[in-house]
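Listed below are the residues making up each chain.
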Amino acid sequence: MRRALPPLVCATMLAALWLVFMAVPTEREMGIVQRIFYFHVASAWVAFLGFFLVAGASAVYLWNGARAADRLAEAAAEVGVLFCTLVLVTGPIWARPVWGVWWTWDPRLTMTVILWAIYASYLMLRAFGGEDEAVRRYAAVLGIVGVLDIPLIMVSVRLLRGIHPAVITRNEGGSGLVDPWMRAGLVVSALALVLLAAWLIALRMRTARLAEEVAALRREALAHGGEAA
Amino acid sequence: MRGALAILAKDLRIEWRTRESLASVFVLGVLLLVVLTVAHDPTPEAAPALAPAVLWVSFVFTGLAGIQRGFLLERENDCLAGLLTAPVDPADIYAGKLAANVVLLGATQAVVVPLAGLFLHADLWPVLPGLLAVLLLGNLGFAALATLFSAVAARTRARETLLPLLFLPLALPLLIGAVQATQAVLAGGLGAAREAVAVLVAFDVIFGVAGWLLFAYVVRD
Amino acid sequence: MSDPPVRAEGLVRAFAGTPVLAGVDLVVRAGEAVVLLGPNGAGKTTLLRILALLLRPGGGRLALFGTDARAAPPALRRRIGYVGHESLCYPDLTAGENLAFYARLFDVPDATARIAELIGWAGLELAAHRPVRTYSRGMAQRLALARALLHGPDLLLLDEPFAGLDPEAVAMLQRCLGALRAAGHAIVLTTHDLERAAPVATRLAILHRGRVAWTQEGAPEPMVVAAAYQAVVAGRA
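In the order they appear, the protein sequences are chains Z, H and X. Just so we're aligned, residue 1 is where the first sequence starts under this note's numbering, counting upward by one. Just so we're aligned, residue 1 is where the second sequence starts under this note's numbering, counting upward by one. Just so we're aligned, residue 1 is where the third sequence starts under this note's numbering, counting upward by one.
If you are wondering where the hints come from, they were derived from the structure by calculation, not from laboratory data. Just to be clear, a hint being listed does not mean it is correct.
As the list claims (entries may be wrong) - Across the chosen pairs, the derived CB separations fall in these ranges:
| id | chain 1 | residue 1 | chain 2 | residue 2 | range |
| --- | --- | --- | --- | --- | --- |
| 1 | H | Ser-24 | Z | Arg-108 | 36 to 46 Å |
| 2 | X | Ala-171 | H | Val-205 | 51 to 61 Å |
| 3 | X | Thr-112 | H | Thr-18 | 24 to 34 Å |
| 4 | Z | Leu-14 | X | Gly-17 | 36 to 46 Å |
| 5 | X | Ala-163 | H | Val-38 | 29 to 39 Å |
| 6 | Z | Glu-213 | H | Val-34 | 32 to 42 Å |
| 7 | H | Val-205 | Z | Trp-63 | 19 to 29 Å |
| 8 | X | Gly-23 | H | Arg-220 | 15 to 25 Å |
| 9 | H | Glu-20 | Z | Ile-93 | 51 to 61 Å |
| 10 | Z | Glu-213 | H | Thr-18 | 43 to 53 Å |
| 11 | Z | Trp-63 | H | Asp-78 | 24 to 34 Å |
| 12 | H | Trp-16 | X | Arg-70 | 50 to 60 Å |
| 13 | Z | Val-187 | H | Ser-24 | 53 to 63 Å |
Quick reminder that beta carbons are idealized off the backbone N, C-alpha and C, glycines included.
In isolation and in its complexed conformation, chain Z is listed as follows (with noise of 0.2 Å):
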């Protein structure tokens, strides 16, 4: 499974930076920018399904304290947080040319942030924590703690700005795509956004396993080198 992840990986990037840019036609209202799209919204798409990831293992962790549990929920939480990044640097590259503004405070966006926050904490939990055991339970109770968040901001976030319209609206998700070769371009940039994040993951998983194996080496190292001694 490993060894096809990249082959697979690069096949399905090439697939979609093919129809992003070859073969789907310009849209007719925003232009040539409104490519970011695919990638914008597939990445959002990755950076949610991170969050689900991170929760999941961390239920798992705390269920059975499996330590393949708990590097799986670092190291989608690494990888989640790369992708929100990434929705937040080309949502407002597309937005700067088709609005004017470089940032809105709209629901969507404003989820995007609270998200990449949470992601954020939950990295600086692990590098602040310490090194002890309790830390990867920690983790896992803010993953958990941090999927439940999500039906409440996105519930809260509709409440700003209520009494004003929406200055900027947007269309997403399927209600543009008319046009087959756009629906395709969007699946296929899933898919690929998908692989990737998933080989990432995995090459993470095998760097913090190797990492520890190292550390209980060396500490076994020291523990003989100082009976030699």
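Starting from the known structure of chain Z, fit chains H and X onto it as the hints suggest.
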């Protein structure tokens, strides 16, 4: 349940006994109120509109400071071990501490809210019942989340610096709901705040239950 | 024979990857007082905290009074009393208030009388209305002991209980432990100071590098124990 009540009583007694250091939390609330108002420098007409945001920002920072104390007091003399060797369910420890934190938050608000009415020329009296309801709902959600994560922060290396980092992103829906609800209540009473209040209630229920279930994983080694 | 208070097999525990306990076997029966010696870092506190159900072992089996420690129902905690390095008492509350709190948690019957009894036993009547913060080390230690005995536990676990006590307090503690042992309770205590613990012990064990490296029934001569200790630490045992 008995354990939770005992812990609530014990925490309140300690807070009362050490009320000198508790006063610093109150003073912090008042100072934040002053700083935020002065930074805006609003006209008397514009001032009441600031009230919801100013109030809740003050509450967030004083709340975090106050709740952090709650777990630091369990660190002294390894008292948490005393709780954990007792036949008390960790969920009961959570419930007791949550209740104590709600009382603490309410006490701070009893000082800050009237002052806010004064500084921001906001007439709070006619909407008082609605305002109190919103404050209570906000406090419950705040305490539900903060109690869980102050236990985490207290047991890590970074201690106090970690709590805001963990708490604030997760608490944003609560903050948004509370500010919107306060705004609506000040404008037209509790009825106008229905949507925002629904968010607060949902937050309270979801994180109250989550904290109840997850607390054991935080305190039990 | 009914279930012993402590039956531990192969207890393992690591912190941040560093092993602290590497396979501890220990059985403690009612009426026994086991004294654990060992150099710093041998794992004495860790072992005691595992027995007190404060820590979970990373491996091995532990049964207290026949019940698997992993299940650890509340009723089991009622039978254990723990005295740690610190007093486990809230510094801003008085001795009476601390004991009243724990009496509520442990559901001690006739709490007021029991608390008064223990305060008298610990010699804290005069200090009973001052916050624990103002107590001397000896007073805090006696309060910690009173706290552990409040609910009448069958198994008493003490982590270096003699540290910082004056001779009078040491004698009182020795009498108390002797009486408890005679009454059929089980005691496990850790110490650096063999001389103070020896009068109480029915068995001595030396913990080294996370294992029980030496054990002897009865109350052996301090010289014998000291020699064994040197041998263990030097790696010859």
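Check each numbered hint from earlier against the structure, then list the numbers of those it violates in ascending order.
5, 6 and 12
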